[in-house]
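Going down the list, the protein sequences come from chains A and B.
Just so you know, we're using this note's numbering here: the first sequence kicks off at 161 and counts up by one.
Just so you know, we're using this note's numbering here: the second sequence kicks off at 436 and counts up by one.
Hints were generated in silico from the structure; no laboratory data involved.
Just so you know, these numbers come straight off a predicted model, no measurement behind them.
Even glycine gets a Cβ: it sits at the ideal position worked out from N, Cα and C.
Any given hint might turn out to be false.
Unchecked claim - Which residues of chain A face chain B? A few of them, derived with a C-beta cut under 8 angstroms, are:
1) Phe163
2) Val371
3) Phe427
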Amino acid sequence: MTFFLQYVMRRTFQNMMGNLFPNLITIGIIVISMLIFSTFTLLAFNLTNFLKTWEDKIEVIAYLKRGTPSSEVEPLLKKTRVLEGVELVRYISPYDAMTFMETKLGRQKNLLEGIQPAVLPPSFEIQLKKEYRNSTKIKEVVTQLRRMTQFEDIQYGQEWVETFSILVHILRLTQWILGGLLLIAIVFITSNTLQLTISSRREEIEVMHWVGASPGFVRVPFYVEGLIQGLFGGGLAILFLFLLHQGLFLYIPPSMQAWLERIPVVFLPLETIVWILLGGMVLGFFGSFVASMRVLRYK
Amino acid sequence: MDETMIEMDHVFKTYPSQISALSDINLEVLSGEFVFLAGPSGSGKSTLLRVLSCAERPTSGEVVVHGIHITQPGFKKIYQLRRDMGIVSQDFKLLRDRTVNENVAFALEVTGSTRKEAKNKASEMLRRTGLEEREEDPILALSAGEQQRVAIARALVHSPSLILADEPTGNLDARMTLDVMGIFTDLHQKGTTIVFATQFTGLVKRYSYRVIQILNGHLLDGKKVDNGKVREVKTEE
């Protein structure tokens, strides 16, 4: 076994060095393809993270009808608290709303001069359980709230949540469609380079067939070559993506940096990196397998 | 009773272009026999050897080599058959970027021997073929005769019991031909079965081995075509 591995590594090295230029071109193309795929993965990963963070902060505001007697507030609070998906409910009186607005306006709070708190509707600030903080589940809670006649309006930033969810879905879809096309291209390119390698080793392979080399001895070095091309391609793509990710923070204006601090753009987790490297290797292997099926038949 | 090394039973080979390369071949070669397969260029010699080495499948008929039914559907272990077979061709098929020893050792390395073991066995075989002093030379520095001897050494290094030689002296001058024939005769005397395809009748006549003539894909075993008539070939033991 050790001998076989030594033989395979030696032959693979000889094959790669003997066809260095086509090998470098193949690795280069794999790098570009994997870099595009990894970039989409990174974008989708960060946007999903951002969406999750945002969803954590999602809450529903249910505005009570003006003139709702204060005696009805407490029973309504109790009724709302027991709804499925509701974690916490806080009553915001018109006075609380006015104080909140003044705080928000800061030095421009004089804009509110002359406005009576009574014009602001009382409301319930409803925090949802974690599993309900997404665009699908939130609607279930909102439907239950809408059935309560004491509420005039219910807001939960649905447009933002839905738009953002669609954006993430589109990104993920693009990632897989584009990724799929690039992956097919990788298989095609690896397969063709290996056909070049095999072609340049034609005489050697013919002699191997003549003297009775087993199919493993003939084919495995080419499979390993494909694996190495995929590994190098995937590894370099990850490295370039990492450098791009780091460089992003060096060249963005300070004002945006402050904004980005609140939305951390993190790099891909180790698990995803391993998957990308494995994916590269599998594609390289598959490319060499296709090539060997086409031209390495025993004859 | 002598053991049969090769048996061909009603073997036909027709190419898709309807060219018939072999037609109703019936042949038996015994273990340890030296057989000349003689015929002009294009008569079917190479096709017959290619069928015996599994490089081509016959259109119909049965072929048994060393007890293995190689024409049976599903026969896949060609490499196992080839390990007991030495193939020598007119164009040598040597690896130009390697030395003489590396060319011979290559046959062993790719069939599971260690590098050291392969190198030693290759040296021994090159000594037997009279090339011990050229071992480390690049293959292109050798004459055609020497290159053919390297090809023979490579075919023999794994001690096959059957040698299929397709015009191995085709590119050699008279002196080199005798040189190479000496190696084959020596091998035959040691018990190796040899099927030697050639188009040179002069060469066939020099030796007293069995001659099988092939013409347009038909075997004329023990006979020859002379002025359009089939005649017996006299062999001297």
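Mind listing which of the numbered hints don't hold for this structure, in increasing order? Number 3 only.
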